[in-house]
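Heads up: the protein sequence lines correspond to chains C and W, in order. For the first sequence, counting from 1, position 234 maps to 235 in the numbering used here; every step adds exactly one. For the second sequence, counting from 1, position 165 maps to 1259 in the numbering used here; every step adds exactly one.
Just to be clear, a hint being listed does not mean it is correct.
Pairs of lysine to any residue, SDA-like flavour, derived with a Cα cap of 20 angstroms [what the hints assert, rightly or not]:
#1 K196(C) / K1193(W)
#2 K196(C) / D1330(W)
#3 K200(C) / H1243(W)
#4 K196(C) / D173(C)
#5 K200(C) / H1284(W)
#6 K196(C) / F1235(W)
#7 K200(C) / T1236(W)
#8 K1193(W) / T1203(W)
#9 K200(C) / R1182(W)
#10 K196(C) / Q1242(W)
#11 K196(C) / P1328(W)
#12 K196(C) / R1182(W)
#13 K200(C) / A1186(W)
#14 K200(C) / F1235(W)
#15 K200(C) / Q1248(W)
#16 K200(C) / S1183(W)
Think of the hints as simulated: they come from the structure by calculation, not from any bench.
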Amino acid sequence: MTIKNMIENWAQFRKSGQVGDEYYDHADYRWGMVIDLDTCIGCNACVTACYAENNLPVVGKERFGRGLGMHWIRIERYWQTGEEGEKKTRYPEQGAQYIPMMCQQCEQAPCEPVCPVAATYHTPDGLNAQVYNRCIGSRYCSNNCPYKVRYFNFYSYSETWASPLEQQLNPDISVRDKGVMEKCTFCVQRLRRAKNDAKNENRLVEDGEVQTACQQSCPTQAIVFGNLADADSRVSRMWKKHNMAYGHREDDKQQKTERGYRVLEELNTEPSVIYLERIRDENI
Amino acid sequence: MDAHASVRVRIVSDSSASRVTAYLNVGRFSTDLRLLILVLCFTSWSPQQVLAEAPAQPIEFPHDVHTNAEDNAGNAINCLYCHSYARRSSVAGIPTLAKCMGCHRYVATDKERIQQLTRYWEQGKPIPWKKVHDLPDFVYFTHERHVQHFVFQQGQSVQQVCGYCHGDVKTMTVAEKRRPLTMGWCLKCHQQFQDNPVDVPRPVADWHINATDQSLKAVMPADTAHAEPLRKAPSDCWECHK
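All chains should be built: construct the whole structure from the sequences, respecting the hints.
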């Protein structure tokens, strides 16, 4: 990417996702995701799968306690106490609620324009990319990320894979070293592999042909991933069913069955990940 | 015993003598061997660049004898016969010793290098070839996509397609690095037909080689062959760095 391209990329900020956006017009792919919180049981299988797929280091108890964990996807746990502000809810206590939180692949990502070296940028297929060999470790992106899903290598974790553990590293993705920011990539190595296979046969990637590691390991199939540019894909149909699209707000909802929402929607980051609300007794 | 023995038997049955058209003429390499020793002496103190250009291989493998039909007795082995992973994998691969021995149990067995090869074979050790074209670990180049696109979908000759990045290996003895293989060099192809080209198109002399092998389909004219397909060549960072 040249300086010219870099500035063009910055010029796309808060413009992508709008009608007539040239940057995406030619694109065959636009990756998106749906996470159904009603089926998520908070089992952490997705987190484990992500560690295995993406060469994530295990940092140890002490560093994890200091918030240095390198989990690209984490299960956030909320405990509903039966009181919401002043108002008592109908049921005294509703227990834990889980949200798998990974990079939301924002269409208008706050992390992108603050990178001084354009190590993070938007790909034409709608991914928020992080180029490790370009990153200088300024950590502006992480500070500007409202979801706090960017992870910085404060240490070199190569000792994590003491022999023979290095044999389990995924060869399709870099092993990051000290001083580099990293984040969820929507398993870009799998996307590229699927695109490669499809191109060999002169076709596009079909729906369901490529799965992210978290989706693949989810026992309740709470995570749906696919191509939003394909109107017939499962993820497109789910977005439509819950009246979600880029630019839509929660106020636009028409019916109670539309459960889709985006985390921190008011920041206008336009994430490519939508969540489906958990169904409570009182909602029925 | 018998895993090893059974492998051998299988290899022997694989090697059909009809594939080999003639004995290889490798006599002139005795001079080159002396040169090689000279180079070895010099490389101990000469700049890094000399090592990078022509690493001293355990066996001085002559690419031209195997592939260049013009100055040899009709050996024109396709690049993809030995580097068979190039069409289906990200790495092109060095052929197994078994593949060498498939021919060389019978062909040119009186030559010194073949006897060296046979010693490796009998000891059951792979030949410790040195890597000539090495990319950094954060670059995920794929041979498959390039070979599938240019050779099988577009029908260019294998020699030309390999030659884009490796030079005309058919005229080399030991493979040398003839192209820089830097990112700017890659992008010169990948961006020249984009909407906002960063550089002037690469001159034909940069990549064209006089390919002598047959292509799978009709050959396109040299000046138009690349315009349309390369327009779609990705110039996105995440295609190679991930």
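Item checked: List of violated hint numbers, smallest to largest -> The structure conflicts with hint 1 only, although it agrees with all the remaining ones.
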